[in-house]
Amino acid sequence: MIRRLLVANRGEIALRVIRACRELGIQAVAIYSDADQRAAHVRAADFAVRVGPPPASESYLNIGAVIEAARSTQADAVHPGYGFLSENAAFAEACERAGLIFVGPPADAMAKMGSKIAARALMQRAGVPVVPGQTPTDQSDAGVIAAAAAVGFPVLVKASAGGGGKGMRVAADLDSLREAIPAARREASAAFGDGTLYVERRIERPRHIEVQIMGDAHGNLVHLFERECSIQRRHQKAIEESPSTALTDRLRQQMGEAAVAAARGAGYRNAGTIEFLLDGEGDSARFYFLEMNTRLQVEHGVTEAVTGTDLVRAQLQVAVGEPLPWRQDQLTQRGHAVECRVYAEDPANGFLPQAGTLRLYREPAGPGIRIDSGVEEGTDVPVQYDPMLAKLIASGDTRTAAIARASAALRRFPILGVRTNVAWLIRTLNHPEFLAGRLHTAFVDEHAGDLISSAQPTAAAMAAAAIASRDRNTPQANGTTPVSDPWSTLRGWGR
Amino acid sequence: MAEHLIAVRSGDASRTVRLDDDGRATVEETTFTIVQAPAAGEMIATHGERVERLFVSAVGDAIWVFHDGITYELSIDEPGATVRRQHSGSLSAPMPATVVSVHARPGDAVTRGTTLIVLEAMKMELPVRAPSDGVVAAVHCAPGDLVQPGTPLIELQ
Chain S
1 MIRRLLVANR GEIALRVIRA CRELGIQAVA IYSDADQRAA HVRAADFAVR
51 VGPPPASESY LNIGAVIEAA RSTQADAVHP GYGFLSENAA FAEACERAGL
101 IFVGPPADAM AKMGSKIAAR ALMQRAGVPV VPGQTPTDQS DAGVIAAAAA
151 VGFPVLVKAS AGGGGKGMRV AADLDSLREA IPAARREASA AFGDGTLYVE
201 RRIERPRHIE VQIMGDAHGN LVHLFERECS IQRRHQKAIE ESPSTALTDR
251 LRQQMGEAAV AAARGAGYRN AGTIEFLLDG EGDSARFYFL EMNTRLQVEH
301 GVTEAVTGTD LVRAQLQVAV GEPLPWRQDQ LTQRGHAVEC RVYAEDPANG
351 FLPQAGTLRL YREPAGPGIR IDSGVEEGTD VPVQYDPMLA KLIASGDTRT
401 AAIARASAAL RRFPILGVRT NVAWLIRTLN HPEFLAGRLH TAFVDEHAGD
451 LISSAQPTAA AMAAAAIASR DRNTPQANGT TPVSDPWSTL RGWGR
Chain X
1 MAEHLIAVRS GDASRTVRLD DDGRATVEET TFTIVQAPAA GEMIATHGER
51 VERLFVSAVG DAIWVFHDGI TYELSIDEPG ATVRRQHSGS LSAPMPATVV
101 SVHARPGDAV TRGTTLIVLE AMKMELPVRA PSDGVVAAVH CAPGDLVQPG
151 TPLIELQ
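Protein chains in written order, with the numbering used here: chain S, 1 to 495; chain X, 1 to 157.
If you're looking for bench data, these hints aren't it; they were derived computationally from the structure. The model shown is predicted, which means the values in this text are computed figures rather than measured ones. There's no promise every hint is true.
Some chain X residues flagged as far from chain S (calculated, every beta-carbon gap over 10 Å) [stated by the list, open to error]: (1) 49; (2) 76; (3) 89; (4) 91; (5) 102; (6) 103; (7) 107; (8) 108; (9) 109; (10) 112; (11) 118; (12) 126; (13) 133; (14) 135; (15) 142.
Listed next, with one range per pair, are the computed distances between beta-carbon atoms [as the list claims (entries may be wrong)]: (16) 77/X <-> 64/S: 53 to 59 Å; (17) 132/X <-> 435/S: 49 to 55 Å; (18) 144/X <-> 72/S: 26 to 32 Å.
All C-beta atoms, glycine included, are put in the ideal place defined by N, C-alpha and C.
Turn these sequences into a full structure, and let the hints guide you.
Shown next as structure tokens:
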């Protein structure tokens with residue numbers, strides 16, 4: 001049994017893990033950078049250790065400092081959360097060497113799945129479909145064309161040596177491919193010093209569908225169904241839901257089995273996610289392995305809501321060798337859940353991250369509403385870390401009910417002082433295409449114009465601003481409380 | 001009964017709100033009675049039997065109002081001003097930023113183009129320069145401060 005657990009993270013996920021510790025009678029150790037000395041996760045813990053200055057590279061990513069914090073507090077286990085060191089095999093190994101239980105997969109499984117090429121090869125051996133593609137041995141134009149014909153149009157031609165979109169060309173047919181090859185080869189050479197080309201099937205407007213899996217040390221592996229995460233901006237998820245509107249029962253079962261096979265092939269334990277691209281919908285849809293995330297996901301709460309499980313609790317149990325708390329046939333999806341990630345960002349300005357003080361922050365509550373957040377009124381949102389403020393998870397009997405709950409709750413989620421995506425989330429949830437369940441990974445770009453609010457202030461908002469400004473400018477000499485006084489709530493304000 | 005006229009601005013548009021001493025505010029033809037809710041920063045605006053719930057906070061010199069899922073960033077036009085004045089004689093950050101260094105003290109005479117403050121945002125340094133010759137009246141920031149757009153950083157006379 002774990003007695004004392006160090007949470008190697010910050011923000012909402014650190015609080016999520018600390019809550020699970022409380023329920024299991026485990027003492028929690030927080031770590032913090034100088035930017036987070038007063039943060040909520042520090043105050044929620046039983047012990048707290050400073051690990052360095054604000055930049056993550058010198059604090060939350062500093063393996064030596066994190067291991068030392070575990071040693072000095074006599075912790076016996078480490079939960080990495082997501083992000084930071086969670087998918088760092090060297091960190092998992094360092095924990096093992098220090099005699100700490102790492103709440104996650106074995107380091108070698110993490111390393112295997114961390115390499116895209118090795119993971120792809122592993123998936124093919126495990127019989128999991130991957131996006132058709134090949135590096136032709138004959139790199140002449142004719143060789144690349146033959147490879148494209150084998151893979152099937154439309155294709156993506158890209159540098160075999162690297163990523164980042166360099167040298168990448170889309171070709172819908174043979175003619176456009178003939179034009180694309182020389183340019184792709186030149187760009188690949190220029191970027192990577194290697195003109196070798198890779199040809200891959202281009203999947204048009206795919207859905208991003210992932211399957212949650214969980215394994216224990218006794219060879220038990222289950223899947224906890226899918227999450228659809230097609231609503232993304234800047235290649236980062238913004239809205240996730242379960243079940244997906246695109247899956248039939250048959251496809252859901254196939255994807256679940258493929259995910260379990262993938263995890264088994266990797267020798268996986270603990271919580272993980274297999275990400276797939278889905279091409280089409282219904283029984284004829286095809287799915288392809290994209291990558292595996294060897295950690296708890298931000299959006300794990302969606303799965304918890306529809307399956308009635310506690311994934312973090314289960315993580316802590318299997319980490320010490322207990323068997324999985326559920327068999328596959330005990331797991332069901334019930335109702336529907338939607339998660340909205342509330343970010344400090346400006347949707348009207350390319351989703352630019354925002355930082356500053358939360359002058360006012362009031363979370364909504366109600367039936368079917370769960371909010372996981374790492375901030376409070378008065379929190380300084382630092383520039384150094386991810387700008388996610390909170391996750392709002394709404395569940396209901398049906399997709400329509402869950403969306404309506406999410407939308408109504410967001411309309412009662414005031415956050416002032418830092419720009420957020422709240423209005424953007426509401427518009428996205430209520431977009432006719434979203435309501436119809438017609439999602440794909442280009443949704444946000446395609447409907448960008450519909451999703452950004454440019455509403456003129458309401459008369460009531462104007463009136464409230466006028467009242468507030470009068471109260472600011474009128475000294476209350478007689479000692480009475482002004483009608484409204486937002487300024488009295490501000491700390492450190494006044495010049 | 002005294003009545004105050006307050007011009008509330010949103011972007012390029014400004015509307016006049018008439019206030020009386022009893023907490024009533026009239027925007028065009030609609031008169032709201034506004035009371036403070038028990039929680040600071042929350043207001044209830046009623047007109048007839050219609051109830052609106054609002055959340056209000058000062059952010060720099062702006063007033064942010066949250067109403068029904070949308071946040072409006074509003075400001076108040078100074079009485080008598082004919083053109084929009086954000087901070088006459090003061091300079092503010094163009095985006096949320098960290099103050100890297102401050103190169104002026106109150107009383108310093110500066111010439112147009114002098115770098116007064118260096119900010120950092122999105123891993124880029126942004127110099128804040130004097131828009132005209134003048135004397136520094138006040139400095140409102142220090143190295144390490146996190147500043148929001150609209151917050152005056154320095155004032156020139």
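Against chain S, does residue 103/X keep a CB gap of more than 10 Å to every residue? holds, 20 Å
Verify this label for me: residue 112/X is non-interface relative to chain S, using a Cβ-Cβ cutoff of 10 Å. Its Cβ never comes within 10 Å of chain S, the nearest being 25 Å, so this holds.
Residue 49/X remote from chain S - nearest C-beta pair above 10 Å: holds, 14 Å
CB-CB spacing for residue 72/S and residue 144/X relative to the 26 to 32 Å hint: Since residue 144/X and residue 72/S have Cβ atoms about 28 Å apart, the given range 26 to 32 Å holds.
Distance rule for residue 108/X, whose beta carbon must clear each one in chain S by more than 10 Å: At about 19 Å from chain S, residue 108/X clears the 10 Å cut-off, so the statement holds.
Please verify that the nearest CB of chain S lies beyond 10 Å from residue 126/X's CB. At roughly 13 Å from the nearest Cβ of chain S, residue 126/X sits farther out than 10 Å, so the non-interface label holds.
Just double-check residue 135/X for me: nearest Cβ-Cβ distance to chain S has to come out over 10 Å. holds, 18 Å
Once the closest CB in chain S is found, is it more than 10 Å from residue 102/X? With a cut-off of 10 Å, residue 102/X remains clear of chain S, as the shortest Cβ separation is near 15 Å.
Verdict on residue 89/X as a residue remote from chain S, using beta-carbon distances over 10 Å: holds, 14 Å
Far enough from chain S: is every CB of that chain over 10 Å from the CB of residue 133/X? Holds, because the least Cβ-Cβ distance between residue 133/X and chain S comes to about 24 Å, which exceeds 10 Å.
No chain S beta carbon within 10 Å of residue 107/X's: holds, 18 Å
Per the stated criterion, does the least C-beta distance between residue 118/X and chain S lie above 10 Å, as a non-interface residue requires? It holds; residue 118/X is separated from chain S by about 15 Å at its closest Cβ, greater than 10 Å.
Hint compliance for this structure: hint 2 alone is broken.
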